[in-house]
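Each protein sequence line maps, in turn, to chains A and B.
In this text, residue positions in the first sequence follow the UniProt record's numbering: the first is 1, and each later residue adds one.
In this text, residue positions in the second sequence follow the UniProt record's numbering: the first is 1, and each later residue adds one.
Hints are not guaranteed to be accurate.
In the DSBU-like style, the derived pairs of lysine-lysine whose C-alpha atoms are separated by at most 30 angstroms in a straight line are [to be verified]:
1. A/LYS163 x B/LYS335
2. A/LYS176 x A/LYS163
3. A/LYS51 x B/LYS253
4. B/LYS80 x A/LYS51
5. B/LYS116 x B/LYS167
6. B/LYS329 x A/LYS176
7. A/LYS51 x A/LYS176
8. B/LYS116 x B/LYS80
9. A/LYS300 x A/LYS163
10. B/LYS167 x A/LYS163
11. B/LYS329 x A/LYS300
12. A/LYS176 x B/LYS335
13. A/LYS163 x A/LYS51
Note that these hints are calculated values from the structure, not bench results.
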Amino acid sequence: MLQRDYTTSQLDILEAEAIHIMREVAAEFERPCLLFSGGKDSIVMLRVAEKAFWPAPIPFPLMHVDTGHNFSEVIEFRDRRVAELGARLVVASVQESIDAGRVVEQTGRRASRNRLQTTTLLDAIEEHEFDAVFGGARRDEEKARAKERVFSFRDEFGQWDPKNQRPELWNLYNTKISRGEHIRVFPLSNWTELDVWHYIRREGIEIPSIYFSHTRRVFERDGMLLSDSEVVQRGDDEPTFDAVVRYRTVGDMTCTGAVASTATTIDEIIDEIAVTRITERGATRADDRASEAAMEDRKKEGYF
Amino acid sequence: MDILRFATAGSVDDGKSTLIGRLLFDSKAIFEDQLEAVERTSRDRGTEYTDLSLLTDGLRAEREQGITIDVAYRYFATPKRKFIIADTPGHIQYTRNMVTGASTADLAIILIDARKGVLEQSRRHAFLTTLLRVPHLVLAVNKMDLVDYSEARFEEIREEFTAFASKLNASDLTFIPISALHGDNVVSRSENMPWYDGSSLLHHLENVHIASDRNLVDVRFPVQYVIRPHSATSPELHDYRGYAGQVAGGVLKPGDEVLHLPSGLTTTITGIDTFEGPVEEAFAPMSVTLRLGDDIDISRGDMICRPNNQPQAAQEIDAMICWMADGLKLQQRSKLIIKHTTRTARALVRDLHYRLDVNTLHRDESATALGLNEIGRVSLRTTQPLFVDDYARNRLTGGFILIDEATNGTVAAGMIVDAH
Numbered sequence: 001m002l003q004r005d006y007t008t009s010q011l012d013i014l015e016a017e018a019i020h021i022m023r024e025v026a027a028e029f030e031r032p033c034l035l036f037s038g039g040k041d042s043i044v045m046l047r048v049a050e051k052a053f054w055p056a057p058i059p060f061p062l063m064h065v066d067t068g069h070n071f072s073e074v075i076e077f078r079d080r081r082v083a084e085l086g087a088r089l090v091v092a093s094v095q096e097s098i099d100a101g102r103v104v105e106q107t108g109r110r111a112s113r114n115r116l117q118t119t120t121l122l123d124a125i126e127e128h129e130f131d132a133v134f135g136g137a138r139r140d141e142e143k144a145r146a147k148e149r150v151f152s153f154r155d156e157f158g159q160w161d162p163k164n165q166r167p168e169l170w171n172l173y174n175t176k177i178s179r180g181e182h183i184r185v186f187p188l189s190n191w192t193e194l195d196v197w198h199y200i201r202r203e204g205i206e207i208p209s210i211y212f213s214h215t216r217r218v219f220e221r222d223g224m225l226l227s228d229s230e231v232v233q234r235g236d237d238e239p240t241f242d243a244v245v246r247y248r249t250v251g252d253m254t255c256t257g258a259v260a261s262t263a264t265t266i267d268e269i270i271d272e273i274a275v276t277r278i279t280e281r282g283a284t285r286a287d288d289r290a291s292e293a294a295m296e297d298r299k300k301e302g303y304f
Numbered sequence: 001m002d003i004l005r006f007a008t009a010g011s012v013d014d015g016k017s018t019l020i021g022r023l024l025f026d027s028k029a030i031f032e033d034q035l036e037a038v039e040r041t042s043r044d045r046g047t048e049y050t051d052l053s054l055l056t057d058g059l060r061a062e063r064e065q066g067i068t069i070d071v072a073y074r075y076f077a078t079p080k081r082k083f084i085i086a087d088t089p090g091h092i093q094y095t096r097n098m099v100t101g102a103s104t105a106d107l108a109i110i111l112i113d114a115r116k117g118v119l120e121q122s123r124r125h126a127f128l129t130t131l132l133r134v135p136h137l138v139l140a141v142n143k144m145d146l147v148d149y150s151e152a153r154f155e156e157i158r159e160e161f162t163a164f165a166s167k168l169n170a171s172d173l174t175f176i177p178i179s180a181l182h183g184d185n186v187v188s189r190s191e192n193m194p195w196y197d198g199s200s201l202l203h204h205l206e207n208v209h210i211a212s213d214r215n216l217v218d219v220r221f222p223v224q225y226v227i228r229p230h231s232a233t234s235p236e237l238h239d240y241r242g243y244a245g246q247v248a249g250g251v252l253k254p255g256d257e258v259l260h261l262p263s264g265l266t267t268t269i270t271g272i273d274t275f276e277g278p279v280e281e282a283f284a285p286m287s288v289t290l291r292l293g294d295d296i297d298i299s300r301g302d303m304i305c306r307p308n309n310q311p312q313a314a315q316e317i318d319a320m321i322c323w324m325a326d327g328l329k330l331q332q333r334s335k336l337i338i339k340h341t342t343r344t345a346r347a348l349v350r351d352l353h354y355r356l357d358v359n360t361l362h363r364d365e366s367a368t369a370l371g372l373n374e375i376g377r378v379s380l381r382t383t384q385p386l387f388v389d390d391y392a393r394n395r396l397t398g399g400f401i402l403i404d405e406a407t408n409g410t411v412a413a414g415m416i417v418d419a420h
């Protein structure tokens, strides 16, 4: 008899864990939803959701918090993917929150709607009575995230209390909440940026074109290349120029930087990331550079 | 490439952060912007060296107070393996965090300061590691540079710890003399200790065999979710009924005769489905969907096993409990929610047999309650049968959590030692 070695590859282990988490949510919560931005992490998360319930359709809606300042390529991708799956998409609009007076638009050169998203997100969770919200955040992204649970409890204000988290043991998740509270669920907690890219390659998953190298009109601010766009306020001392770039993360145009890159295929992206010496958020996110605890502070308020 | 999950135990004084920092740094998992941030903060605080513990202390309160509050998960990979580190703090709330980190660990590293030898906390770490049945244990005897790389000192510590570990049924035990600060025996073998002929720590982490740690003998499939597409568009799916779950033990194959609990009825696996198509076998930790031959009423919380190899269907459970709640205490007659595999029931604490002193292993049978970070043996009665194995036989079907009904908090971890 052949000796069978029951080993499993790291992507299979991570996928099996994420599927288990998604099924647990679908079984124990009444109104889950999945945050889908069209970024690579949420694309992977959506793929895992497709697998978890196959051959049945995904048993919960998707939600996108739209700042109105998103990359058009990403919005097109989002709508195409949603149509393919026949899924229901809830769009929560930051513009509507501004129009309704729920939040006040920032002014000045560094104005960004990034932080305003939190109010829009929490309002939408309340309006739709979502009790579990899947997010694509990973623990390797940022050190506050390194300490967050897979099932992360939020009180009725949507707040995260890092000092009072529920212990999480084995693969047992506490799903108990009271009315008005919710749980943020992060099925990709144990994935790294490189795992995400290896998975995209293995699965042959389509991603928005801005992840690949292209020529773009940009300007430089704080060592980051920001896209020249009508939604990004630029000073006269910030000249624009054409650069060959790609995006390593996809967020709001006002705070997401491009990186110089000639990578035009997934293989080339993986090669590039394998040797990079800067974290993805450090390289591309103005929002995390505000202070050492920028992410922690936003997370406590209810950010993604 | 597979994944090794390991927990690290020890305090800052033992050089734990330095060791983790070195593993991450030498495997290029620390990035320049992270290192710059740590260097900047170290300078601002007036620390003369780069304080690598700042890499893992992620929360503001931790940095302000210079302590670690919670388990931090760190990731690195070598060409051989992906590693997930559960880095647990070494002071207050230690037990709760260590138990959490160890629950999923394949291996635990316990750090010992070569100058101080086996301390009370080393024994506590070893006890918790074995209580949680972490299959592999590494004693990293650190700061060997400060004892002149002395073989005699290393052997002394090895003998003392081995004597203690024999009382614990510690499984696979490996001793490695290291200096995390200078890198001796961390990534590569040290020239300073020619008398040591074992592996470097990283080499050991890369090569320790973990595939056989999983239970491949006892078929256990907790039903997690029933998939019924009801699709009007594809008639062939109209009658589809699949039982989704993550394999918790054994190897399942199409054609196998299986038994359903609680009904006790037997049936046959007609197919094992995944998104990619049917598969020929399923084993832990695969998440799959089973199709079964007979129309049995099966729902979430049920268990699929083999007719000649069943878990105990039990409502009377004896377990070791680690109490994790602040304020609240476990007492006789406490009523709690129990979550075991995919089944949730209510549990009544019938008896607290003893509280265990994790430092001396002394059993205090006069104890009437368990408080935060205390461990004891209890008897529970549950409102519904749970399908359980001894924790020693299967961590997934032998472990459970307890939830307080008033606060919804997770208040305890339990390891089943006996059930009927």
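Structure-inconsistent hints, enumerated in ascending order:
8, 10, 13
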